[in-house]
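One-letter residues, chain by chain:
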Amino acid sequence: MENYVFEIDHLNVWIENKHILKDICNLKIPKNTIFAIMGPSGSGKSTFLKLLNRLLELKKNVKIEGEIKFYGQDIFKIDPIRLRRRVGIVFQQPNPFYHMSIFDNVAYALKANGLIKNKADLINAVTEALIRANLYDEVKDRLNKPASVLSGGQQQRLVIARALALKPEVLLLDEPTSQIDVVGARKIEELLISLKEQITIILVSHTPQQAARISDYVALFYDGRLVEWGQSENIFTYPKNELTEKYVAGRI
Amino acid sequence: MVRLIDLAFQKLELILNEMSEEALKSLDMLAYFKKHHTAKELKEISDKLRKLKEEAGELILEILVRYQPMATDLRFAKSAMEISYDLYRISRYSYDIALALDEANLSLDECIDADVQNNIEKVKSMLNLTIKAMLERNKDLAIEIKNMDQVIDKAYKEYFYKALVYKGGKCSIANLLIMRYLERIADHCAYIADEILFVIKGSK
Amino acid sequence: MVKDKLIFFLAFISTIFLFLPFTWLLSVLLIKGAPVIFKGGLEFLTGIPPLPGDGLGGIGTVLEGSIFMAIIASLISIPISILTALYIVMYEGGLFAKILRFLVDSLVEFPTIIIGISVFIIFVQNLKLGLNGISGAIALSIIMIPYTTIQAIENLRQSKDEYLEVGYSLGLTDSNVIKLILSEGREGVITGILIGIAKIFGETAPLLFTTVTSFNIFLRTLTSPITGVPSLIFNFAFSPYNNWLDVAWGAALILALTVTILFTLARIFTRRKL
Numbered sequence: 001m002e003n004y005v006f007e008i009d010h011l012n013v014w015i016e017n018k019h020i021l022k023d024i025c026n027l028k029i030p031k032n033t034i035f036a037i038m039g040p041s042g043s044g045k046s047t048f049l050k051l052l053n054r055l056l057e058l059k060k061n062v063k064i065e066g067e068i069k070f071y072g073q074d075i076f077k078i079d080p081i082r083l084r085r086r087v088g089i090v091f092q093q094p095n096p097f098y099h100m101s102i103f104d105n106v107a108y109a110l111k112a113n114g115l116i117k118n119k120a121d122l123i124n125a126v127t128e129a130l131i132r133a134n135l136y137d138e139v140k141d142r143l144n145k146p147a148s149v150l151s152g153g154q155q156q157r158l159v160i161a162r163a164l165a166l167k168p169e170v171l172l173l174d175e176p177t178s179q180i181d182v183v184g185a186r187k188i189e190e191l192l193i194s195l196k197e198q199i200t201i202i203l204v205s206h207t208p209q210q211a212a213r214i215s216d217y218v219a220l221f222y223d224g225r226l227v228e229w230g231q232s233e234n235i236f237t238y239p240k241n242e243l244t245e246k247y248v249a250g251r252i
Numbered sequence: 253m254v255r256l257i258d259l260a261f262q263k264l265e266l267i268l269n270e271m272s273e274e275a276l277k278s279l280d281m282l283a284y285f286k287k288h289h290t291a292k293e294l295k296e297i298s299d300k301l302r303k304l305k306e307e308a309g310e311l312i313l314e315i316l317v318r319y320q321p322m323a324t325d326l327r328f329a330k331s332a333m334e335i336s337y338d339l340y341r342i343s344r345y346s347y348d349i350a351l352a353l354d355e356a357n358l359s360l361d362e363c364i365d366a367d368v369q370n371n372i373e374k375v376k377s378m379l380n381l382t383i384k385a386m387l388e389r390n391k392d393l394a395i396e397i398k399n400m401d402q403v404i405d406k407a408y409k410e411y412f413y414k415a416l417v418y419k420g421g422k423c424s425i426a427n428l429l430i431m432r433y434l435e436r437i438a439d440h441c442a443y444i445a446d447e448i449l450f451v452i453k454g455s456k
Numbered sequence: 457m458v459k460d461k462l463i464f465f466l467a468f469i470s471t472i473f474l475f476l477p478f479t480w481l482l483s484v485l486l487i488k489g490a491p492v493i494f495k496g497g498l499e500f501l502t503g504i505p506p507l508p509g510d511g512l513g514g515i516g517t518v519l520e521g522s523i524f525m526a527i528i529a530s531l532i533s534i535p536i537s538i539l540t541a542l543y544i545v546m547y548e549g550g551l552f553a554k555i556l557r558f559l560v561d562s563l564v565e566f567p568t569i570i571i572g573i574s575v576f577i578i579f580v581q582n583l584k585l586g587l588n589g590i591s592g593a594i595a596l597s598i599i600m601i602p603y604t605t606i607q608a609i610e611n612l613r614q615s616k617d618e619y620l621e622v623g624y625s626l627g628l629t630d631s632n633v634i635k636l637i638l639s640e641g642r643e644g645v646i647t648g649i650l651i652g653i654a655k656i657f658g659e660t661a662p663l664l665f666t667t668v669t670s671f672n673i674f675l676r677t678l679t680s681p682i683t684g685v686p687s688l689i690f691n692f693a694f695s696p697y698n699n700w701l702d703v704a705w706g707a708a709l710i711l712a713l714t715v716t717i718l719f720t721l722a723r724i725f726t727r728r729k730l
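Residue numbers (my numbering), protein chains in the order written: chain A, 1 to 252; chain B, 253 to 456; chain C, 457 to 730.
The shape of chain A in the complex, shown without the other chains (with noise of 0.2 Å):
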């Protein structure tokens, strides 16, 4: 079983009485690949996202039945904060914090959570994740400067860093790409494929010819089910489903 960090079966979520997600079954998260969750908005993705470190709980009237397994182990099981410290998340529109310089955005978690106390160790680890983040070389001269000086590419690559400071095994993206320029996606997207190798990243994309660019596996959520998964390049040219097939054709 170590192969697959997340197992989810039979899972069923209502937020205030609506049902969400509709009996997702058997899907499996294999590690160090990165799986994209595609499927046209309202279709669930990102509150399955938000469930998989438990952020979906902080929801009022929030009803989930079912399984979902972290490494073999329920995750209704494991203490919320300490999972969200081996799940990462990073949202839509990069959020950092713009109070605070580059440096404290990333050492931000870390200090706060009383993870690292000695000064030199704190500047090795945020000189780590900017660099895990393919940012440093970017802003090495200003790390004192605030997060706002940075363009919307380079703050949604911040917001990666200050997730990957914890040193996350699993990091969840949603939609990370849709509101930075070209060249901004393109640079998280050959950051991503570039950690993989370290960690499993679970990405919602909002286009499916980006899950073909980068995903190793895909998944189609349509109308709060899963319609199919698998290996991408199977999807993308034999989909089996005809849903998915109308999907990435465009024809839905």
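You may find that some hints are simply not true.
[Stated by the list, open to error] Below are the DSBU-like pairs computed for lysine-lysine, each with C-alpha atoms no more than 30 Å apart in a straight line:
| id | chain 1 | residue 1 | chain 2 | residue 2 |
| --- | --- | --- | --- | --- |
| 1 | A | K246 | B | K384 |
| 2 | B | K295 | B | K398 |
| 3 | C | K635 | A | K59 |
| 4 | C | K635 | A | K63 |
| 5 | A | K246 | B | K376 |
| 6 | A | K240 | B | K263 |
| 7 | B | K295 | B | K330 |
| 8 | C | K554 | A | K60 |
| 9 | A | K60 | C | K635 |
| 10 | A | K63 | A | K18 |
| 11 | B | K330 | A | K240 |
| 12 | B | K398 | B | K300 |
| 13 | C | K554 | A | K59 |
| 14 | C | K635 | A | K117 |
| 15 | A | K28 | A | K240 |
| 16 | B | K300 | B | K263 |
| 17 | A | K167 | C | K635 |
| 18 | A | K196 | A | K167 |
| 19 | B | K300 | B | K376 |
In short, the hints are calculated from the structure, not lab data.
Starting from the known structure of chain A, fit chains B and C onto it as the hints suggest.
Frame of chain A; chains B and C shown alone:
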């Protein structure tokens, strides 16, 4: 709404249709072979198909770049590339047959035997079916074509062994050559059938 | 387009109408107040108000009173406002949060004179606090709290929308998430505080019930019988003495300038957030 990619595919299908018609015509002309004259005309057709094949290839590249097709669209784009090549090869083999006869200074009706005549008709109807299957994306027809190909293969083999022992001079060589090229044409029909199945089912 | 031009013309006209009273007000204040301040010099800001028919003196006592009351009122209001706003934002949708929000909204619209009377009855009479700066500050803080709270709510909500999930996603504990939300929303909260102070600085009605009407005492103890600039203006402006009228104009200009400066600062803080 018509998808933009569908407009491009319509153009592509127009090219493929024209190529099919020309390929059929080339086989038809073989059946009414006239010395010199026919070989020249068949060369013209073959050259035209070669150009159309290039045109189709360019259009397909454009489709790939512009629309980044996926699923059936992607498979069709890839198959159209192969099919255009197959159709070109069919016309080219027709020309090869004409060329062989021409250089041996033979006309078809001088020495053609019943088996060859029969095979020409078979391959013609096979190409007809292939074009139909392509237009309709018809799975059953495609499978039928593949079966027909096996029959033609078998007929060629039998004819070949017969020719080994039969000493009939020029004509028998010409006939064998024609049988050989017909077998190749049937192969290309079968390839097209494969492509049709690939578009439909996503596997061969 | 004729229609576009017409709309532009109408907008232009209404802008002028909006500016007219404002510029008129400002010119009158400047014409009447500025000479007084120049004549009095620094002493106008530090001196004791004059006796009737006497010289110009100054408004030092009431200015000190206003500042003192603003400080005390802020000390009371700021923590209450922030905590209330935080509660309303974090428990949005809950019954108690809804009630709190309703109370805050109603308090904004509440006539300040009634707040003055209530503080007089409860604090001055029953709790025997007396007519002084503390009573005045209590009344003013009740006026300030809703302004500051409403402003804080808007900004903390925005900050919460942006950073609640981010905070939790970084594995922060509840209290750290709240710290983060406060820290990222702080400029809006400061704006609210400045607007609140500007608002209470010019309030007159509550002072009439909670402070004295003698203007010549400096602050010695916390409960010295003092009052603020608005109540001096209110009393002097209706007097028949020319020198008192002059002092009232000067004080009015000082008050207007202070409030304008506070609002400008508030604007600057709001803008910095964007």
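Enumerated hints in conflict with the structure, sorted upward: 5
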